[in-house]
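Between the sequences and the hints, there should be enough to build the whole structure, so can you do that?
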Amino acid sequence: MSRLIRSRLFWGALGLVLIALLLPLGVSGYILGVLIPAYYFAVFAMSWDLLFGFAGEVNFGPTFLVGLGAYGAGILDAQTGLPISVCVLFGALLAVVGGLLLALPALRLSGPYFGLITLVAVLLLQQMVTVFAHVSGGEIGLTIPDVLSIDDATNYYFALGFMIVSALVLFGLSRSSAGLILQACGQDPVEAQALGFNVAKHKVAAFCVSALFSGVSGALLVFYYGTASPGTVIDIAVGVQVIIAAVLGGRRTILGAVLGAVFLVAAGEILRPLGQLSTFVVSAFALVVILLVPAGFLGTLLYRRASR
Amino acid sequence: MNVKLAHPDIVTRPIGFDAPPLLRVAGLTKRFGGLVAVKDMGFSVAPGEILGLIGPNGSGKSTVMKLIMGIERPNAGQVMVDGTDVAGWPSHRIARHGVGLVFQHSRPLHRQTVGENIKLALLPDSLLKLIADPGVDHRARVIAQRVGLGAVFDRLPATLPFADLRRLELAKAIARDPKIVLVDEPFAGLTSGEVGAFCELIASFRAEGRAVLLVDHNVKSVAALVDRVLAMYLGEFVAEGSAAEVMANPTVRQVYLGAGTIETSARADIEDRPGAPLLDVRDLSVFYGKAQALDHVSIHVKQGEFVSVVGLNGAGKTTLFNAISGLVPFTGSVGFDGQALAGRTPASIARGTGLAGGIVQCPESRELFDSMSVRENLDLGGSRLSAAERRRQLDWLFELFPILQSRASQVAGKMSGGEQQMLAIARALMMRPKLLILDEPTLGLAPVILEQLSHALETLRTTTSITVLLGEQNVTFAIPHADRVYVLEHARIVWEGDPARFAREAGGAYL
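Line by line, the protein sequences give chains P and B.
Heads up: the first sequence is residues 1 to 308, going by our numbering.
Heads up: the second sequence is residues 1 to 511, going by our numbering.
Hints are computed from structural coordinates only; laboratory data are not their basis.
All C-beta atoms, glycine included, are put in the ideal place defined by N, C-alpha and C.
Worth double-checking, as some hints may not be accurate.
Unchecked claim - Derived DSSO-like pairs (lysine-lysine); straight-line CA-CA distance at most 27 Å:
1) P:K201 - B:K179
2) B:K129 - B:K39
3) B:K39 - P:K201
4) B:K179 - B:K129
5) B:K414 - B:K39
What the hints assert, rightly or not - To give an idea of the chain B side of the interface with chain P (calculated C-beta under 8 Å), a few residues:
6) I71
7) A95
8) L101
9) R111
10) Q112
11) L120
12) L123
13) V152
14) K172
15) L278
Stated by the list, open to error - Label-pair restraints from in silico Cβ distances:
16) P:K201 - B:A408: 43 to 53 Å
17) P:V288 - B:L128: 34 to 44 Å
18) P:T80 - B:D177: 50 to 60 Å
19) B:R139 - P:S176: 49 to 59 Å
20) P:V288 - B:P124: 40 to 50 Å
21) P:T80 - B:G289: 54 to 64 Å
22) B:G83 - P:L16: 56 to 66 Å
23) B:A203 - P:S176: 34 to 44 Å
24) B:S333 - P:L9: 38 to 48 Å
25) P:A237 - B:H110: 31 to 41 Å
26) B:T464 - P:V288: 45 to 55 Å
As structure tokens, this is what we get:
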């Protein structure tokens with residue numbers, strides 16, 4: 001039966017990838033413009049699910065890691081004009097350092113205390129951006145001289161490719177032996193240790209991997225937009241959206257986060273005519289889904305029969 | 001437990017093994033703040049030996065187990081595993097060094113099959129290991145066969161009965177191939193049929209030359225299996241020897257049954273009074289997940305009666321009281337004062353209806369507000385009384401427990417265990433309950449405190465018309481005040497009668 005589930009997931013994912021690949025042939029640049037950030041957003045959500053669903057750590061500030069990657073890459077590019085690849089690498093490195101910084105309190109504190117620290121980390125980063133406005137562009141945002149491409153289709157395929165590679169790596173990791181151990185560490189650290197697993201080591205590794213993908217994705221998003229602003233990559237509200245996307249898609253599924261992210265971004269766009277009300281409608285819908293089907297889209301599809 | 005008692009003439013193995021011990025604990029001490037949970041414990045277990053470590057709740061036996069496994073760090077002492085002192089090592093290193101722990105509560109990975117859960121335990125502690133070695137699947141199947149999970153290898157844990165989940169915990173421990181196996185309450189929640197199968201599995205550890213430490217509440221449940229028993233109480237060593245010897249040990253009997261002879265003073269007329277009982281529990285069953293904690297229990301308490309439910313730790317007393325108080329879901333019915341309690345919230349059950357008080361439980365864990373003062377705790381209990389009534393109730397309670405008056409401004413969490421217990425009872429009485437439930441009030445208390453408590457209960461019984469339901473392991477404490485006694489054993493009521501008859505009939509077989 002587990003093989004059947006896996007194949008159902010495989011065929012479903014393959015179908016969606018094919019549709020995504022063919023999309024630029026049939027739809028307008030406007031729709032591609034909506035989907036590109038959604039794909040980067042999906043990587044944020046998948047990285048978050050690795051921490052929450054597998055390592056069992058509730059990180060209320062995913063944008064701390066995303067923001068470090070985005071601003072690290074953006075500032076380096078604006079200041080030195082180094083190639084984009086070097087800047088992205090630098091942003092990713094900065095995010096991993098941030099991930100390690102978050103891992104330290106995570107190993108000492110638990111539950112609400114750790115959650116509070118992750119929130120404060122986001123506020124600190126946002127403050128830093130404001131205080132060092134001459135380098136970071138402050139509240140208005142940082143204009144970045146380089147962009148990935150000015151062609152919609154190129155940007156689209158790049159974002160899609162990056163998301164697919166990230167999904168393969170993160171999903172593969174989650175289903176690997178190391179992922180199994182990580183899941184055990186997250187669910188019952190005492191028992192995991194009694195089985196001989198170094199819980200600290202596995203959790204730190206999870207923080208690093210999550211930070212790496214968040215950071216790279218944040219950096220690439222900046223090079224797509226050509227700007228970086230606290231409102232798009234750091235603000236707590238953005239972080240909450242990432243969390244909602246991951247939970248909506250299905251905790252502990254990794255791939256569900258993609259569905260959640262695309263759904264959130266697309267729904268926000270479709271409901272744009274409602275103005276301010278659109279955010280309300282999307283949030284209310286997300287709330288209802290979380291209340292009624294806490295397993296999320298993919299979690300419900302895959303595990304509904306199995307878990308009850 | 002339905003395990004047969006080991007008779008002295010069929011003790012499974014001679015005591016004193018030739019081989020050097022695999023596990024040797026010496027001078028082990030653990031303090032939690034001011035509380036000494038484990039004090040200078042020492043013992044050893046030889047290869048192929050099963051040692052039972054027993055003690056009532058709060059005796060420190062579980063802490064000893066956690067200290068050996070490294071889940072808690074000892075303040076002093078040695079834990080020698082096969083000649084290496086592992087005291088203070090992190091848990092995962094101790095596990096790698098050959099110590100395995102079979103947890104009482106199973107928490108498997110729910111999205112993974114039984115087989116994958118066993119494979120988890122077979123994996124090396126590596127970040128880079130993405131694909132398990134090819135031999136792992138085969139080894140997992142062999143282990144599953146051995147513990148009796150072969151047929152459900154590809155099923156998800158949620159679909160398994162409780163006993164199979166315990167088997168899965170055993171399988172995970174076996175997978176690590178430990179030299180020393182620690183088993184926490186091996187038979188908790190199992191039916192008598194399943195107990196036999198688990199006994200065989202644990203005995204097979206002995207045959208393989210592993211050192212086994214069984215941790216349990218009482219001798220009775222592990223007697224058939226162990227080579228030797230060590231009893232502890234209040235963190236300290238009490239007795240050691242064969243199961244029969246330890247059961248006959250006067251100190252052990254005192255710990256479990258209480259000291260001295262049992263005097264009874266039942267008021268036989270109360271139960272025979274006409275009218276419906278105040279509390280009427282019928283066919284009450286409770287499940288924790290898949291483990292049955294209570295099995296069709298029926299008890300009743302008349303207005304003004306003092307009823308004791310006696311039973312060893314783990315028999316289901318606390319579960320029974322929690323069900324009555326509305327804290328755990330149950331099947332069956334609980335009637336109080338002519339009304340069914342099903343569907344009422346715990347708060348409304350405790351408050352009662354109208355002017356009449358409700359059912360107030362003074363729980364085993366006391367549940368005081370630790371950072372509030374004695375007076376604040378009491379005032380909270382009496383928050384629904386008028387100022388004048390509260391004052392009267394307080395004065396009465398300070399008379400009943402004079403020590404509380406002198407400690408009125410002290411923080412509850414900083415008091416001794418005995419004082420905390422008195423405060424817990426006093427706080428419950430501030431609510432003016434119609435029925436007071438006392439759950440294991442003597443737990444972990446010194447004899448002199450027991451005497452004070454006993455005196456207070458006697459005063460309560462003779463000077464007020466309060467109805468009390470007392471749950472106790474210590475029969476010497478429970479019987480003297482009781483008008484009627486129930487014996488709860490392994491989730492069932494097995495005996496009911498007056499205290500004098502209990503002293504004659506049931507007392508002997510109780511431990």
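Evaluation of the provided hints:
For the suggested pair K201 of chain P and K179 of chain B, the alpha carbons sit about 25 Å apart, so the restraint of at most 27 Å is met. About 42 Å separates the Cα atoms of K129 of chain B and K39 of chain B, which puts this hinted pair outside 27 Å; it is violated. Pair hint K39 of chain B plus K201 of chain P does not hold up; C-alpha atoms about 33 Å apart against a cutoff of 27 Å. Taken as a hint, the K179 of chain B and K129 of chain B pair is honoured in the structure, with Cα atoms around 25 Å apart against an allowance of 27 Å.
Between K414 of chain B and K39 of chain B the CA atoms are separated by roughly 21 Å; this keeps the pair inside 27 Å, and the hint holds. The beta carbon of I71 of chain B comes within 6 Å of a beta carbon in chain P, closer than 8 Å, and the hint placing it at the interface holds. For A95 of chain B, the interface hint holds, since its Cβ comes within 8 Å of a Cβ in chain P; the closest pair sits about 4 Å apart. Nearest Cβ of chain P to the Cβ of L101 of chain B: about 5 Å, under the 8 Å cut. The hint holds.
The restraint placing R111 of chain B at the interface with chain P holds, with a minimum CB-CB distance near 6 Å, inside the 8 Å limit. The closest approach between the C-beta of Q112 of chain B and any C-beta of chain P is roughly 7 Å, which is under the 8 Å cut-off, so the hint is satisfied. Here the hint on L120 of chain B is kept, as its CB sits about 5 Å from the closest CB of chain P, short of 8 Å. Nearest Cβ of chain P to the Cβ of L123 of chain B: about 5 Å, under the 8 Å cut. The hint holds.
Nearest Cβ of chain P to the Cβ of V152 of chain B: about 13 Å, over the 8 Å cut. The hint is violated. For K172 of chain B, the interface hint holds, the least distance from its beta-carbon to any beta-carbon of chain P being 6 Å, beneath 8 Å. Against a cut-off of 8 Å between C-beta atoms, the interface hint on L278 of chain B is violated, since the closest Cβ of chain P lies about 40 Å away. At roughly 51 Å, the beta-carbon separation of K201 of chain P and A408 of chain B lies within the given 43 to 53 Å, and the hint holds.
Look at V288 of chain P against L128 of chain B: about 42 Å separates their beta carbons, and that is inside 34 to 44 Å. Hint check: T80 of chain P to D177 of chain B, Cβ distance near 56 Å, so the stated range 50 to 60 Å holds. Take R139 of chain B and S176 of chain P: their Cβ atoms lie about 19 Å apart, and the range 49 to 59 Å is violated. At about 44 Å, the beta-carbon gap between V288 of chain P and P124 of chain B stays in the expected band of 40 to 50 Å.
For T80 of chain P paired with G289 of chain B, a C-beta distance near 59 Å keeps the hint of 54 to 64 Å intact. Under the hint 56 to 66 Å, the C-beta atoms of G83 of chain B and L16 of chain P, about 58 Å apart, fit the expected range. Separated by about 37 Å at the C-beta atoms, A203 of chain B and S176 of chain P satisfy the suggested range of 34 to 44 Å. Distance hint for S333 of chain B and L9 of chain P: a CB-CB separation of about 47 Å, consistent with the stated range 38 to 48 Å.
Between A237 of chain P and H110 of chain B the beta carbons are some 33 Å apart, a value that agrees with the proposed interval 31 to 41 Å. Between T464 of chain B and V288 of chain P the C-beta distance comes to about 53 Å, which sits within the given range of 45 to 55 Å.
The earlier numbered hints that this structure contradicts are 2, 3, 13, 15, 19.
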